[in-house]
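This is what each chain is made of:
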Amino acid sequence: MTVGLAIPCFIDAFFPEVGIASLELLERLGVDVAYPQGQTCCGQPMANNGCQGAAQGAEAHFVDLFAGFEAVVMPSGSCVHHLRSHFDAIPQTERVRHLRENTYELVEYLHDVLRVDDFPWAEFPHKIGLHNSCGTLRSLRHASMSELGETPFSKPLDLLSKVAGIEFVTPARPDECCGFGGTFSVAEDAVSGRMGLDKVRDHAAAGAEYIVSADTSCLMHQQGCARRAGVPLRFIHIAQILNGARA
Amino acid sequence: MSATTGHKPVDHAAAAAAFVADTPHLAFHDKRLWELRQKRDGQMHGIPEWQELRDLASAIKEHTLSRLPEYLEQFEAQAQANGVRVHWARDADEHNATVLRILREHNAKTLAKSKSMLTEECEMAPFLERHGITITETDLGERIQQLDGQPPSHIVVPAVHKLRADVARVFARTIGGDPDNSDPNALAEHARMTTRPLMLDADAGMTGANFLVAETGAVVVCTNEGNADLSANLPRVHIVSAGVEKLIPRQADLGVFIRLLSRSALGSPITQYTSHFRGPRDGAEMHIILVDNGRSKRLGQEDFWTSLKCIRCGACMNTCPVYRRSGGLSYGAVYSGPIGAIINPAYDPARYAALPFASTLNGSCTNVCPVRINIHDQLYKWRRLIAEGGFLPRKKVFGLRVMGVVLASPTLYRLATASARMAVRVLPRALLYSRLNAWGRDREVPVAPKESFAAWAARHRPAKK
Chain H
10 MTVGLAIPCF IDAFFPEVGI ASLELLERLG VDVAYPQGQT CCGQPMANNG
60 CQGAAQGAEA HFVDLFAGFE AVVMPSGSCV HHLRSHFDAI PQTERVRHLR
110 ENTYELVEYL HDVLRVDDFP WAEFPHKIGL HNSCGTLRSL RHASMSELGE
160 TPFSKPLDLL SKVAGIEFVT PARPDECCGF GGTFSVAEDA VSGRMGLDKV
210 RDHAAAGAEY IVSADTSCLM HQQGCARRAG VPLRFIHIAQ ILNGARA
Chain S
485 MSATTGHKPV DHAAAAAAFV ADTPHLAFHD KRLWELRQKR DGQMHGIPEW
535 QELRDLASAI KEHTLSRLPE YLEQFEAQAQ ANGVRVHWAR DADEHNATVL
585 RILREHNAKT LAKSKSMLTE ECEMAPFLER HGITITETDL GERIQQLDGQ
635 PPSHIVVPAV HKLRADVARV FARTIGGDPD NSDPNALAEH ARMTTRPLML
685 DADAGMTGAN FLVAETGAVV VCTNEGNADL SANLPRVHIV SAGVEKLIPR
735 QADLGVFIRL LSRSALGSPI TQYTSHFRGP RDGAEMHIIL VDNGRSKRLG
785 QEDFWTSLKC IRCGACMNTC PVYRRSGGLS YGAVYSGPIG AIINPAYDPA
835 RYAALPFAST LNGSCTNVCP VRINIHDQLY KWRRLIAEGG FLPRKKVFGL
885 RVMGVVLASP TLYRLATASA RMAVRVLPRA LLYSRLNAWG RDREVPVAPK
935 ESFAAWAARH RPAKK
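Heads up: the protein sequence lines correspond to chains H and S, in order. Residue numbers for the first sequence follow my numbering, beginning at 10 and rising by one. Residue numbers for the second sequence follow my numbering, beginning at 485 and rising by one.
Hints listed in this document are in silico derivations from the structure and should not be mistaken for laboratory results. As the structure is a computational prediction, the values presented were derived from the model and not from experiment. Glycine residues also receive a C-beta, built at the ideal position from the N, C-alpha and C atoms. Some hints here could point you the wrong way.
[Claimed, not checked] For lysine-lysine, the following BS3-like pairs were computed, each having C-alpha atoms within a straight-line distance of at most 30 Å:
#: 1; chain 1: S; residue 1: Lys492; chain 2: S; residue 2: Lys880
#: 2; chain 1: H; residue 1: Lys164; chain 2: S; residue 2: Lys523
#: 3; chain 1: S; residue 1: Lys934; chain 2: H; residue 2: Lys136
#: 4; chain 1: S; residue 1: Lys934; chain 2: S; residue 2: Lys492
#: 5; chain 1: S; residue 1: Lys515; chain 2: S; residue 2: Lys880
#: 6; chain 1: S; residue 1: Lys781; chain 2: S; residue 2: Lys523
#: 7; chain 1: H; residue 1: Lys136; chain 2: S; residue 2: Lys515
#: 8; chain 1: S; residue 1: Lys865; chain 2: S; residue 2: Lys879
#: 9; chain 1: S; residue 1: Lys793; chain 2: S; residue 2: Lys781
[Unchecked claim] Chain H is nowhere near these chain S residues, computed Cβ spacing over 12 Å in every case:
#: 10; residue: Leu684
#: 11; residue: Glu699
#: 12; residue: Phe875
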């Protein structure tokens with residue numbers, strides 16, 4: 010089986026290292042990965058603003074590229090949340106439904122499908138704070154949600170705990186949204202920026218050297234906030250650590 | 485979609501930006517409401533059946549709402565049998581006119597009033613004041629807001645956006661006192677000493693209702709200050725203003741909601757007072773005004789009717805990271821926060837078009853809601869209706885259409901993203917961080933990489949055929 014690798018627009022354009030790590034990691038784990046050229050976006054920015062019409066083109070193009078795969082993996086919780094929960098600007102044909110049902114976020118794919126229990130090549134001798142994006146937390150269910158008082162679990166921490174040398178710190182408000190929110194980040198830039206600042210300060214106060222996430226969009230925002238405010242934190246996608254990045 | 489009222493659209497982002505700029509207020513507001521969220525979590529952990537309680541509360545409300553006419557008539561009959569006069573109000577105007585009529589029948593000039601969001605919704609206070617009635621808000625937070633000429637910023641803690649120094653200044657300006665003495669005990673005592681006589685002398689009293697029990701005709705009011713009891717019991721006339729969605733079928737159902745309400749709202753097991761009003765005391769009158777004001781219309785909206793389950797606990801506001809950092813007044817509406825953002829557009833989608841967008845869709849509101857309203861899903865659905873109704877700013881629609889075209893075409897997409905990387909690389913800082921760059925007002929843009937992932941992949945993983 011060949012797995013299609015979908016790389017979201019902002020990773021493609023500004024964080025290629027996240028795409029590279031995702032691809033190499035899947036290959037290391039023996040997955041036959043194909044990266045179809047000509048990718049753009051899943052349609053989420055338009056759809057989240059209520060503009061279904063404007064989302065149609067991107068959604069249709071995404072289907073054209075990926076409907077032929079048995080499974081699709083994306084290193085982005087928010088995009089997979091869009092695929093799974095929304096993605097209805099276009100008619101819900103058999104191939105669209107197939108694609109929506111068989112698209113996985115990378116952590117899910119590693120944890121639930123491949124059930125990887127070892128990353129012998131990975132070592133990350135740093136203190137990290139995990140940031141679960143709201144899409145991964147409350148839609149994809151990567152981890153237990155503090156509002157519900159569930160028995161604690163965390164798929165990303167399960168995976169990261171198999172990395173040598175890694176240390177975890179916990180911020181005071183682990184489930185609080187970082188304020189990215191797609192176009193919210195520019196439409197409500199003051200609130201968004203403040204949320205981002207509070208988020209990075211919370212992690213810094215807990216002693217984190219790195220904030221790690223399955224969502225580069227949140228990291229891009231938090232990194233921007235930290236650099237502006239001079240908060241000395243570094244940011245890395247979970248795929249990079251699991252693929253053996255040392256720093 | 486309802487007709488618009490011609491009001492200027494609310495600019496939540498601008499109002500929120502002003503709130504964010506005031507760091508001491510912002511920091512206190514965020515911290516105080518987060519404390520409430522944490523206390524709420526603590527209460528939840530103490531009740532193993534918390535999630536079942538939420539299921540039950542949701543089911544009882546959905547059941548009641550689906551048989552609202554029967555339960556309303558049962559309630560009316562029971563209340564009348566208890567000696568209560570029941571009035572029906574189709575909208576805010578009918579509600580306000582009814583209140584005024586009752587007051588005039590008793591030649592009442594002063595009204596002691598406990599907390600009621602519905603009377604805010606009906607804009608009753610300015611109406612009655614125009615007709616010569618003096619209203620005294622008896623809830624401390626509401627009283628502060630009344631004296632300051634502001635609406636409540638939160639449905640449970642109406643003055644939470646104020647620091648105690650603000651309260652001292654409001655009091656000094658309106659009811660006297662030392663503007664520099666912000667000791668909370670002194671302020672509370674001052675409010676008590678100045679408000680209590682107004683309650684004692686009021687010609688009529690008014691309360692809202694947290695619950696209406698159909699089988700008994702009882703009105704249940706939950707407060708922490710006991711002010712509802714004073715408002716209701718001191719004057720000879722007690723007027724209850726209640727939305728039709730406040731009904732529950734049986735007395736036995738009440739326990740489910742009482743267990744959830746204060747725990748969700750303030751993280752306390754129960755409010756200090758849970759008062760049951762079944763009928764007038766000897767020589768007095770009790771009136772209940774059952775108000776629709778858009779509720780039955782919302783009941784018919786498939787995607788939004790469950791918002792009528794709301795028991796006004798404010799948990800969604802306390803947990804909302806956007807609300808905590810923008811303050812309730814920034815919503816420019818009676819109901820603020822996540823619940824406000826799904827209720828207000830039903831009244832006027834043009835005026836409140838910005839509110840469903842004042843959210844990151846993070847979903848925490850849905851998780852804390854004691855009656856399981858899918859608030860963040862409704863926010864998402866409102867966005868569509870607002871876009872389809874043509875209520876989005878034209879500039880935004882244009883931008884999203886262009887974005888849609890670019891993102892549907894690999895060629896345009898490559899051009900656009902390459903230009904963006906180029907811009908980040910070559911533009912002088914002053915230009916890159918111009919006023920046009922909303923992203924750059926609060927944060928740095930990412931460093932531009934040498935090449936895109938697609939370009940890397942084309943070299944390292946050429947397509948297999």
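A cut-off of 12 Å on Cβ-Cβ distance, and Glu699 of chain S was said to be off the interface with chain H. Does that hold? 32 Å, holds
At 12 Å, judged by beta carbons, does Phe875 of chain S keep clear of chain H as stated? 9 Å, violated
For the pair we were handed, Lys934 of chain S and Lys492 of chain S, check the Cα-Cα distance against 30 Å. Given that 30 Å is the threshold and the Cα spacing comes to 47 Å, the pair is violated.
Sort out whether Lys880 of chain S lies within 30 Å of Lys515 of chain S, counting only the CA atoms. 33 Å, violated
CA of Lys793 of chain S to CA of Lys781 of chain S, is that 30 Å or under? Distance of about 14 Å is within 30 Å: holds.
For the pair supplied as a hint, Lys781 of chain S and Lys523 of chain S, confirm whether the alpha-carbon distance does not exceed 30 Å. Outside the cut-off at roughly 36 Å; violated.
Does the structure keep Lys934 of chain S and Lys136 of chain H at a Cα separation of 30 Å or less? 29 Å, holds
Please verify whether Lys865 of chain S and Lys879 of chain S have alpha carbons no more than 30 Å apart. Measuring from Cα to Cα gives roughly 21 Å; hence the hint holds.
Check whether the Cα positions of Lys164 of chain H and Lys523 of chain S lie no farther apart than 30 Å. It holds: about 27 Å lies between the C-alpha atoms, which stays within 30 Å.
Do the alpha carbons of Lys492 of chain S and Lys880 of chain S lie within 30 Å of each other, as the hint requires? 18 Å, holds
Verify that the Cβ of Leu684 of chain S lies farther than 12 Å from every Cβ atom of chain H, and report whether the claim holds or is violated. 43 Å, holds
Next pair to validate is Lys136 of chain H with Lys515 of chain S; report whether the Cα-Cα distance is within 30 Å. OK: Lys136 of chain H and Lys515 of chain S at ~26 Å, within 30 Å.
Taken one by one, the earlier hints fail for this structure at numbers 4, 5, 6 and 12, listed in ascending order.
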